[in-house]
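S.K.: Residues per chain, in single letters:
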Amino acid sequence: MSVLYILIPLALLLLCGAVWAFFWAVGSGQFDDLDTPAIRVVMDDDKKPDQDETRD
Amino acid sequence: MMASDCFHCALPVPAGCRLTVEIDDEQHPVCCPGCKAVAELIRDTGMSRYYELRDAPHPGTGRPPDEAAEWRVFDSPDMLDAFTERHDDMREATIYVGGMYCSACSWLIETTLGRQPGVASAEVNPITHRLRLRFPVEDSDLSGHLATLANLGYQPQPMSPEGAARPEVTEQRTALKRLLVASLGMMQVMMFAVGLYAMDFQGIDADMQHFLRLVSFFVTTPVVFYAARPFFTSAWRGIVARKPGMDLPVSIAVGSAYAASVYATYTRGPAVWFDSVTMFVFFLTLGRFLEMRARHRSIDRGAALSSLLPNTAIRIDNGAQTTVPVSQLVAGDTALIRAGESIPTDGVLASGSTSVDEALLTGEARPQAKGVGDELSAGSINLDNMIEMTVTVTGSDTTLGTISRLSEKARYARPAFVTLADRIASYIVVALLVVAAAVATFWYFADAERAFVITLSVLVVTCPCALALATPAAFAAAGSRLSQLRLLVTNGNAIEALSRVTLAMFDKTGTLTRGMPRITAVFVTDNTWTEKDCRLIAAALESASTHPLARAFAMPDKLPVVTSQKIEVGEGISGVIDDHEWRLGNAAFVGGGIATDDSSATHVFLGIDGSPVAWFELNDELRPEARETLETLRKLGIATALVSGDNRIAVEAVASTLAIDDVHFECTPEDKLAIIEGAQQRGERVVMIGDGINDAPVLAGANTSVAPAHGALLAQTSADVIMLGESLAPLTTAVEMSRKTMRIVRQNLAWAIVYNALALPLAAAGFVPPWLAAIGMSVSSLVVVLNALRLNRFE
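As given, the protein sequences belong to chains A and B, one line each in that order.
Sequential numbering from 1 applies to the first sequence in the working numbering.
Sequential numbering from 1 applies to the second sequence in the working numbering.
No wet-lab data here; the hints were simulated from the structure.
Treat the hints with caution; some may be incorrect.
According to the in silico footprint, chain A covers these stretches of chain B (three or more CB under 8 Å from chain A) [stated by the list, open to error]:
1) 105-113
2) 169-176
3) 180-190
4) 214-222
Yeah, the Cβ is synthetic: ideal placement off N, Cα and C, and Gly gets one too.
Looking at chain A on its own, in the form it has when it is part of the complex (with noise of 0.2 Å):
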């Protein structure tokens, strides 16, 4: 049990770790749009011929 004494403060310290990055990720904006990226996703997979296609 006593190695809870060291493994805890571990995973204290990784947790302000990545709420330190998380508050650096919201800071830079990447956080602000909530919505679109999760299309980006769908769209990037399927529809990239379209690019190159020329109509008239």
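Guided by the hints, dock chain B onto chain A, whose structure is given.
M.R.: Below, chain B alone, put in the same frame as chain A:
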């Protein structure tokens, strides 16, 4: 019944319209050549997946403008400097994109513009509806990009560069950070709590218990002081203002549970509630976050005001005309306004005569004639002739700006409304802590050995989780279900307020009626002409007019050719077809006509060479579902009333059709507000349903308010609930849903109270071992959450 709806804009396809668009080898009906062009453009740029990805559109969105706007002016160096910022060899323009309604729209815009030559980057922010467009200085085709947006069916509007970040963006970023801290904190603390509960079964290693409590304390502290800070600050503001809001009891509950836990940790007391604290904060923060998102999605306060005003105006300096951004107009300037343009500032008509459409401001649907010296209001539309005006007041001091400020103020002044459920829950939390302390004291003196275990059981069994979750869980479930039912809740109090409403007040134009007149009858008085001929000729004559009535005459057929069209202010329109002079307008203008007594309708006469041929009766039609909706409301025990700025006859006609007894006509926004306040003083709880800008202060003054999404943006900023789609029917859904939600909240509270009332005495008397207490607590929380989730199945 219409056969089908337009594939692009979802408006009904007019009878006889055979236009279709081919997408993915399938023919889809469209309602007009404009929609066909937009759909074909989207298809030809390879973006047809847009139609699969978008949410169901509000009917009428995405329609291209009736006439091509003048974008060319934005290419002049002056305008480029006014509307873009230079970064080295790049220009950056901020463009407000009207008509965006879902994430597929931002995808469509970013991809289409991003592929255009001469665009370095295009980023859309769906919260603020702003597009950031970067393009090289030497290839500045701003007008071309604006035209592309317009061709896609959006209403672009270049904005002056904004230095600071938009408040919505800052708000969302902060809220996201708080939510993350609360959710991560909750997960961690719950994990430690499981360990602590497990130790209650297996016997406690005192050092390990103390360690886990300390760790929980370290994780909970930022949750309380960072994530829950908005609750504390708002509670403090409430105390200072002597109007305690709903955040005060919440703060007391969070604060006291946290303080008691800290004390228990420090003194190695019987139990800690860090898990309850973090969970309570997490659910509250989540609820607030979802609410904020709904509010942002539907509303942009700044753009709500400015989207009604033109971007540019023509200023006359010593006879020379220059196009300037509206923001550069100052009092004393002379501005030129062409027919069909909206008036940029408040002012006085300096030369010319015209009629203006002031419906946005006053709700009066009929055009108002204006001569030299008459006052003009920003946001109204110049209908007939080119005029010159002297600018008197600009910006936020205009009538339009004042109305928007008035509505802000009324919203702010709304009496602080403490939700019953929050109050009960929070007080009980505090009461439980007091009882626990009393039990501990009693047993300490009665039987010190058992005091510890009994107090532990009391605290675990009465864990405030179920109480804390009773309301937030139900409101979160209701909010998400309502948005699936096309109702956006932008104010958390709206659900409780709606459930207790006793009186529904409706605005007329645009809310109960469609807001645009239609031809309801044609009477041909000269038998040489058929009804069809008359309608075609009228449509041809009106094709050049920007008058609101003109749209009623529009026909999809091929129209006869009209030459020398002329508009006479306040009289009508004339033109030559096949060498005959046709006139369309009032009876005198046409050369006599039959007087009719029913003045709730508008009558328009048609004449040839000075003798009348036919007359048209135009009516602002009632929405087809209005009658049924109002009947359902009355069945739900809600009285109905009508307040309108329109004239007596028009209002009473609508009232009698819908069987409304309580009718008020020719009301100014101040009158409407007074009527609502009067009703509130009689003890009525009022929901106001309105869509116009003039309704905004009234919406804010009512106990709760609903605005349809097709109405003025400013009305939506003042409303608590926004109805997406064209129909009034969701209103009854909202009322029934809110009542059901409150029923579930009451059930949850009752369950939590009964559970505690039974468990507490047993635990206090020492009959409940800690392990049974832990099971009881978990089950009671689970019951509350599952009960709230029933709301998701509401039809």
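S.K.: Of the numbered hints stated previously, which ones are contradicted by the structure, given in increasing order?
M.R.: Hint check: nothing fails, all pass.
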